[in-house]
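Protein chains: 4
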Amino acid sequence: METVHQMEIEPGMSVGALLGAMSHCGFGARRLAEAVAIYETMLSGDFTKFLTLSGAMVPAGMRNIVSDLIRKEHVDVLVITGANLVHDIIESFGCHCLGKPESDDAALRSQGISRIYDVFLRDEDFIGFEELMQRILPDRAETISGREMMRLLGAQIEDKRSILRSACDLDVPVFCPALPDSMIGLQAWLHTQTKKLSVDAFADVKEIVDICYEAKRSGIVIVGGGVPKNFALQSMLVTPKSFDLAIQLTTDTPENGGLSGATLSEAVSWGKISADARHVTVYGDATITFPMMVAATMERLEKSRFKVCETDGDGSKY
Amino acid sequence: METVHQMEIEPGMSVGALLGAMSHCGFGARRLAEAVAIYETMLSGDFTKFLTLSGAMVPAGMRNIVSDLIRKEHVDVLVITGANLVHDIIESFGCHCLGKPESDDAALRSQGISRIYDVFLRDEDFIGFEELMQRILPDRAETISGREMMRLLGAQIEDKRSILRSACDLDVPVFCPALPDSMIGLQAWLHTQTKKLSVDAFADVKEIVDICYEAKRSGIVIVGGGVPKNFALQSMLVTPKSFDLAIQLTTDTPENGGLSGATLSEAVSWGKISADARHVTVYGDATITFPMMVAATMERLEKSRFKVCETDGDGSKY
Amino acid sequence: METVHQMEIEPGMSVGALLGAMSHCGFGARRLAEAVAIYETMLSGDFTKFLTLSGAMVPAGMRNIVSDLIRKEHVDVLVITGANLVHDIIESFGCHCLGKPESDDAALRSQGISRIYDVFLRDEDFIGFEELMQRILPDRAETISGREMMRLLGAQIEDKRSILRSACDLDVPVFCPALPDSMIGLQAWLHTQTKKLSVDAFADVKEIVDICYEAKRSGIVIVGGGVPKNFALQSMLVTPKSFDLAIQLTTDTPENGGLSGATLSEAVSWGKISADARHVTVYGDATITFPMMVAATMERLEKSRFKVCETDGDGSKY
Amino acid sequence: METVHQMEIEPGMSVGALLGAMSHCGFGARRLAEAVAIYETMLSGDFTKFLTLSGAMVPAGMRNIVSDLIRKEHVDVLVITGANLVHDIIESFGCHCLGKPESDDAALRSQGISRIYDVFLRDEDFIGFEELMQRILPDRAETISGREMMRLLGAQIEDKRSILRSACDLDVPVFCPALPDSMIGLQAWLHTQTKKLSVDAFADVKEIVDICYEAKRSGIVIVGGGVPKNFALQSMLVTPKSFDLAIQLTTDTPENGGLSGATLSEAVSWGKISADARHVTVYGDATITFPMMVAATMERLEKSRFKVCETDGDGSKY
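Residue numbers (my numbering), protein chains in the order written: chain A, 1 to 318; chain B, 1 to 318; chain C, 1 to 318; chain D, 1 to 318.
Hints in this document: simulated from the structure, not taken from any laboratory. Don't take each hint at face value.
Copies of the same chain are indistinguishable here, so a pair counts whether it falls within one copy or spans any two.
[Claimed, not checked] Capping the alpha-carbon separation at 27 Å, the derived lysine-lysine pairs in DSS-like fashion look like this:
{"id": "1", "residue 1": "K160", "residue 2": "K72"}
{"id": "2", "residue 1": "K307", "residue 2": "K72"}
{"id": "3", "residue 1": "K100", "residue 2": "K241"}
{"id": "4", "residue 1": "K72", "residue 2": "K216"}
{"id": "5", "residue 1": "K241", "residue 2": "K307"}
Using the sequences and the accompanying hints, generate a full structural model.
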């Protein structure tokens, strides 16, 4: 049996070094280290890479991590909640603010502030969002898919750090399966009162299933569970394939029977994930675990790229 | 200050009596007792009553509680996940089985069993579901809303204990905002390959917002958070009104910033819930707290109805 | 495979009937029903019955449930935190109050109120506690065990609903393994400044291990984990025996590796619980699950006693 | 209002840099960054520094982090569970192994392996522990405190990375308030059958209260709650002082009313923590958050030390 190595902390150590030390520890540390190992495999191999995103990740400051992953070609399919896209669009011209979770919510309302735990959003940014949406929502006769609507929106966002814009630039399909459930849905409906906008509720199903069919090997990073998790997994379910690598970052635990906390092993019984897939669930706040996993994996990819370059000249092996 | 009354247990005591005792206790017991008090107010007053349902409540055995609430006219609007509807339809002809959470999931797959924590579902029931869906999914030229599609499905389900059928019989609108995210979505897409079925992604928004506009006073019971919670709350947001009574049963806690665990107070800052609304969140497994709340509230309603009847003699009307 | 029976709610149904319905459901409902089945077996058979209690159960209103279990001879060994005993003693002359979890804690301090989530305690009750303790703490030359000190304290508490007094009356040993960690510890130390009080830190170990040795078969109910859980389990560990029945009510889940959320299966690997023991963990707030389990079990015991009585006449056995 | 800065990930970034980026984010990331800020203040100022440790931190690989903190004089008082000390002693001659949480626990038992979530411990290491304990447990006539017993044990452990040995070397008092609740307690009791060992259950109370009295300003890091948390906080309670800085790393949340998840604000109502103290609770697995906090804080201390050195030359002050 492999032994636990008591972790050593060095001042100034890199995130990758910390995660390296965690790989010989128990509990959450070990799970997070395993996530890094799987993610490195996923990003350095020939996998169709899914990223699903739930929870208020953009308001909490995770937007650039996602758009960078897209721009670095580490995401082939993005499945995301409408709320995260709303906040992505708001960040393209406005901002979120740092507040307090113990606030007087009635007072906040009268000040025109909406609270997301310890993040505040001002009404003026929502108004900006609504104006922008009415300007950039498509006006076309033909019925389109939700994914196509996302692409059309992304194309009109100026901020290159935007998730939607980055996905548009890199031709990464963005699926938002609970389309009516967000301010985008509300704005789209308002828009249809005066403009032509027709989105087929089921067209996305075909598009994502096609991607699943075509994937040779596939990996998935699930941040926060919810509808995006299920939509990605069920799309693989109807193909003869299943995910080969899977990482789940969640605060939910399995015992209440909900999907967001369901183990990835459970998904094996459905055929969504391969019986011999390498997979891990990291329990905890994704605003901590997601940046750590990405930082450590990027560090490793950089190092292995560097190693390859170094050895190119004389062909010596490592 | 009111004092804590140490709880007394009587063998054979009713659920309502237990909840009565809990109302003088601390922690979760008190929250659950408060939920009963709010629910009694909601069901005995003139409120538009929303019920939102997330989590695998039907596989876990909560289906008849929901359909009974509908048939007793305790639900005016139902917002629900596609998965719960899939399992509701399966229950109309098939069944779920009791399994073990520690199962070998690869072995289950090879036996044709899909696992939802400790509940098993056999492939044959999924096949039955698919066949039924292809038979009962609508075949019509005009574009319809998701709600209308739910009504059309409900009308063709024979089992009167079905949630969908009960809602159809009682004219209760059923909203499923993440329509493509479930086996209903998959089947609907397959169906469109050979039949005419066109569902507008945003039509539901108008329908639920109209209900919110028309509501004089409104109450909401949120089971499990997720998309149904947000869809109901955001629909009220765009009206000048807000919810007057709110109950949330959830396993999530607020600290991770996700919507499912967000306090109802947070919803006050958004204007979704009224600043002077009576509201409570009960933290815990809804397969325990939901039946308890319903049983205790039904008991109270029965008693107060009985009291009213008792006074019929002296000319008071009912 | 056994099928899930969709639960039916009847207004006025007893807690036992509700739990009966839960036994055919999934998730937490089923776990709680299993706890009732195990507890009925434990209380109606020849088992040495351990009860361990952590978490602020007395402030939350669970005191009489515990003292009734003791007086009904359903507890042979009680392992408990000092805090619960402090609050048990306070309840014998004073009270706890219902407060709000969102209070201004600095303001509470200046008003002389200490908060335990939504339960308030006034400084005057702490002062009453201190005075009482200085009066009833033993003054004797010989070194005693913690258990003996608990017995001496219990004998001097007048309130018969007190846990300590009930245990004293029924000769149930009370172990408080973290003795210095509570206001009893602080008062005991103050007491030793002027009186004779000598408690051997390890004497309790022998006393509880002796009980474990003598037990033929044994069952344990663990409320809330913590030190009481471990102290009871480790005492069995050093004997050739192990627990035959075990119930755990906890809000902790296993994934963080802590003892309070550790599965009872994990305890099997240590030899604390028998490999063929019947055991279950119910995840959730014990102020809800503990009263439910006790109420349903008492109802079943009553019914089976009644059945036995009914059949006494014709001599048929049960 | 300060705005959320969307986090930027750089390959190879240090843990301190990551935490710096987190300080402008929401949710858990921000809490963890605040913990680093408080810890830096605590370690660079004139504070009496308490560290309390619950949960199986040593089996999970956190031992050297703790002993390094002690050796670097970042700990003035250690309050710890007996279990962590048992595993510290085992690490001084043996080891823990990496296992699987889904193991067959009955099979493990028959192989002589005890499981702590995903960490395994072999019976041979327990036997080694028992032999060592019987050799190094004190044999003296006079009654001692638990703290003194810990010191005597620490003095005989050879491994300098041991927590107990480090504390002994640096004269850091170690309090283990639930002394009988661990294998140390069991071994101590066995020892008393043949040797002289008398530990006063309450002597530690005086010793820690004296430290609290003498502290000018004090800070506390609470890992995992439990008895160590309460013992440290209650000791401050009986003095006119209270903690000025406080950090809590825990997986428990406040809603169930237990102490381990209780907010530090709640402790303000008791007078344990100062009303104007700076404090934060980080929710999550401490095997992730504790190393991150320590690594980032050490990096900052190193940097500020370096800055001071750099400016020494020209006499500018810092």
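Hints numbered earlier in the text: which of these fail when held up against the supplied structure? Per hint list: single violation, 5.
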